[in-house]
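2 protein chains.
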Amino acid sequence: MGDRKYAIIGTGALGGFYGAKLQHAGLDVHFLLKSDYEQVRQHGLIIESKDGDFTLPQVNAYNDADKMPQCDVVIVALKTIQNYLLPQLLPPVIKNNGVVLVLQNGLDIELEIAQIVSNVNIIGGLCFLCSNKVGQGHIRHLDYGHISLGEYSHNYEAEGITNRMQQIANDFQNAGIAIELTEDLLLARWQKLVWNIPYNGLSVVLNARTDELMANSYTRQLVEQLMDEVAAGAKSTGRIIADSFIQKMLDYTVKMKPYRTSMKIDYDEQRPLEVEAIIGNSLRKAQAAGVFLPQINCLYNQLKFLDSRNQR
Amino acid sequence: MGDRKYAIIGTGALGGFYGAKLQHAGLDVHFLLKSDYEQVRQHGLIIESKDGDFTLPQVNAYNDADKMPQCDVVIVALKTIQNYLLPQLLPPVIKNNGVVLVLQNGLDIELEIAQIVSNVNIIGGLCFLCSNKVGQGHIRHLDYGHISLGEYSHNYEAEGITNRMQQIANDFQNAGIAIELTEDLLLARWQKLVWNIPYNGLSVVLNARTDELMANSYTRQLVEQLMDEVAAGAKSTGRIIADSFIQKMLDYTVKMKPYRTSMKIDYDEQRPLEVEAIIGNSLRKAQAAGVFLPQINCLYNQLKFLDSRNQR
Chain W
1 MGDRKYAIIG TGALGGFYGA KLQHAGLDVH FLLKSDYEQV RQHGLIIESK
51 DGDFTLPQVN AYNDADKMPQ CDVVIVALKT IQNYLLPQLL PPVIKNNGVV
101 LVLQNGLDIE LEIAQIVSNV NIIGGLCFLC SNKVGQGHIR HLDYGHISLG
151 EYSHNYEAEG ITNRMQQIAN DFQNAGIAIE LTEDLLLARW QKLVWNIPYN
201 GLSVVLNART DELMANSYTR QLVEQLMDEV AAGAKSTGRI IADSFIQKML
251 DYTVKMKPYR TSMKIDYDEQ RPLEVEAIIG NSLRKAQAAG VFLPQINCLY
301 NQLKFLDSRN QR
Chain H
1 MGDRKYAIIG TGALGGFYGA KLQHAGLDVH FLLKSDYEQV RQHGLIIESK
51 DGDFTLPQVN AYNDADKMPQ CDVVIVALKT IQNYLLPQLL PPVIKNNGVV
101 LVLQNGLDIE LEIAQIVSNV NIIGGLCFLC SNKVGQGHIR HLDYGHISLG
151 EYSHNYEAEG ITNRMQQIAN DFQNAGIAIE LTEDLLLARW QKLVWNIPYN
201 GLSVVLNART DELMANSYTR QLVEQLMDEV AAGAKSTGRI IADSFIQKML
251 DYTVKMKPYR TSMKIDYDEQ RPLEVEAIIG NSLRKAQAAG VFLPQINCLY
301 NQLKFLDSRN QR
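In order, the protein sequence lines correspond to chains W and H.
Here the UniProt record's numbering is used: the first residue of the first sequence is 1, the next is one more, and so on.
Here the UniProt record's numbering is used: the first residue of the second sequence is 1, the next is one more, and so on.
For the record, the hints were derived by calculation from the structure and aren't laboratory data.
Quick caveat, the model's predicted, so the values are computed rather than measured.
Misleading hints may appear alongside valid ones.
Chain H stretches covered by chain W per the calculated footprint, using a threshold of three residues with CB under 8 Å from any CB of chain W [to be verified]:
id, region
1, 13-26
2, 93-106
3, 137-148
4, 246-258
Far from chain H, by Cβ distances over 10 Å, these chain W residues were calculated [said to hold, decoys possible]:
id, residue
5, Gly26
6, Leu202
7, Ala208
8, Ser244
9, Lys255
Glycine included, each C-beta is placed from N, C-alpha and C at the ideal position.
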């Protein structure tokens with residue numbers, strides 16, 4: 001692909017951060033914006049980061065996908081609740097045989113992308129990033145930032161490590177972003193859900209931080225049972241998550257600083273929750289394989305109720 | 001038993017109401033009180049009721065079970081969270097071969113009573129009563145009031161309708177309290193849980209009234225799934241709850257006026273919740289028969305967390 005041209009679909013706390021890092025490292029990056037368009041077009045992006053602050057006084061800013069150049073790599077960094085926009089946004093921006101890099105949580109997102117654009121390659125990326133948008137075109141990176149990349153293929157057959165993945169990984173690593181390559185994207189997605197489903201879900205339903213959930217023996221047990229159900233979901237699609245992985249996630253969370261999950265932040269800000277991508281799709285994928293995940297189902301219905309009331 | 005002497009253990013919104021009705025009808029009733037003792041000893045009880053207001057200027061009030069006479073029928077009308085007091089309160093008050101009438105929600109309460117007092121008969125009563133204590137010795141009866149009575153025997157074998165039940169039913173009916181006699185106490189208790197577990201539980205976890213839970217399709221479905229799990233619990237103990245019964249409860253709740261459940265009222269008043277009697281015992285009884293109720297388990301752990309945080 002030579003010198004790759006990047007597009008960022010969704011220049012928020014995540015897309016803005018990674019896009020700015022790539023441009024800062026010298027790559028050609030094109031940003032699609034909505035509310036921050038005028039500000040960023042005139043004044044660029046400001047990044048405060050624990051790894052070093054920087055500003056980009058000038059960026060390629062767009063408020064219309066049709067005006068963007070066709071790019072080699074299109075990074076989808078919207079919240080999944082906005083994915084209904086992708087049939088308009090993706091086709092004009094992606095080069096034939098280009099890469100759509102999906103930096104979103106949840107399951108089966110790549111399937112949706114594959115239905116929108118054909119003759120492209122799809123790579124999924126799981127971001128372990130703690131960042132907030134603190135103002136228009138102004139992003140604060142608090143912690144972490146590494147990405148786990150995996151190539152998508154039909155039906156989530158494990159694809160191994162492809163050249164495409166390595167090329168993109170090089171670009172990111174040159175920009176100071178840690179990358180892990182995974183041979184099995186679906187397994188990586190289920191693994192991330194082991195943490196995301198219990199903590200995101202319960203933090204909203206019980207109005208609780210991670211430390212509170214772990215300090216109470218009942219929710220501590222419920223978290224573990226929900227993790228076991230995620231593993232049962234993974235197993236229904238042929239992916240094995242070991243008990244030791246679950247134990248590692250529990251231990252890791254106990255040691256973490258008290259943490260308000262991203263879904264809880266969305267809820268507190270009265271933004272729509274990513275319930276479908278993270279929980280609904282997991283339930284449906286297991287159900288399609290004949291496996292019902294009852295406690296996750298309980299959490300799902302509770303969140304759908306709270307999300308709907310929160311949007312009034 | 002001839003002219004029966006009644007004791008009321010726990011003179012609150014429920015015990016105070018039924019006890020006052022019995023005394024008002026001419027029966028000999030003895031009331032155990034705690035916080036309202038001085039007020040009630042001096043000024044008696046005031047009952048405001050949709051069936052007609054009345055006052056009892058003089059009642060037999062006690063603040064010590066050891067000072068009470070031995071009674072033919074001892075009505076246990078405490079909240080179940082105070083049942084740890086029964087080993088002190090019950091033995092002095094109950095006549096040999098008398099009746100302990102347990103007017104409490106939940107499962108396996110009679111088992112606990114049987115461990116405390118022997119050579120007594122135990123009758124369980126399920127109250128469909130809407131009443132509040134609005135001041136010291138002052139009770140407001142808002143709606144309903146009928147009681148379903150069933151005789152307890154070892155291991156909850158169905159006992160049929162006994163003479164004892166009919167005698168007590170007569171006393172209540174003479175006092176204007178509607179009584180239904182049930183041949184199978186355990187079935188009646190499971191049936192009441194079909195309503196109590198989903199609505200009490202979800203009303204607290206989701207901060208919602210019954211009408212809100214029924215208006216949202218997700219919680220409407222969750223309520224039904226929880227009811228199905230109660231039926232599975234009942235079945236594990238040999239009791240059959242038909243789908244038509246569940247449908248009747250759903251229809252009935254849709255038609256009800258918007259209702260804040262008793263557990264939600266306890267929660268809002270920062271009183272301890274009856275989670276163990278209503279939900280914990282149901283889970284354990286099914287588990288003892290080899291049946292896990294996963295969505296009820298999820299609700300249970302959530303409620304234990306919220307209850308504990310609420311008591312701080």
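Hints versus structure:
For the region 13-26 of chain H, the stated coverage by chain W is not satisfied: 0 residues place a CB nearer than 8 Å to a CB of that chain, which falls below the threshold of 3. Remark: the region 93-106 of chain H is not confirmed as covered by chain W, as 0 of its residues place a Cβ nearer than 8 Å to a Cβ of that chain, below the required three. Only residues whose beta carbon comes within less than 8 Å of a beta carbon in chain W count, and the region 137-148 of chain H has 0; fewer than three means the coverage is violated. Counting residues of the region 246-258 of chain H whose C-beta lies closer than 8 Å to any C-beta of chain W gives 0; at least three are required, and the coverage claim is violated.
Listed as outside the interface, Gly26 (chain W) is consistent with that label: its C-beta sits roughly 48 Å from the nearest C-beta of chain H, beyond the 10 Å cut-off. A Cβ of chain H approaches the Cβ of Leu202 (chain W) within 10 Å, the least distance being about 8 Å, so the stated non-interface status is violated. With 10 Å as the threshold on Cβ separation, the claim that Ala208 (chain W) sits away from chain H is violated: the shortest Cβ distance comes to roughly 7 Å. A cut-off of 10 Å between C-beta atoms confirms that Ser244 (chain W) is not in contact with chain H; the least separation is 23 Å.
Non-interface call for Lys255 (chain W) relative to chain H: holds, since the shortest CB-CB distance, roughly 21 Å, exceeds 10 Å.
Checked against the numbered hints listed earlier, the structure breaks hints 1, 2, 3, 4, 6, 7; every other hint is satisfied.
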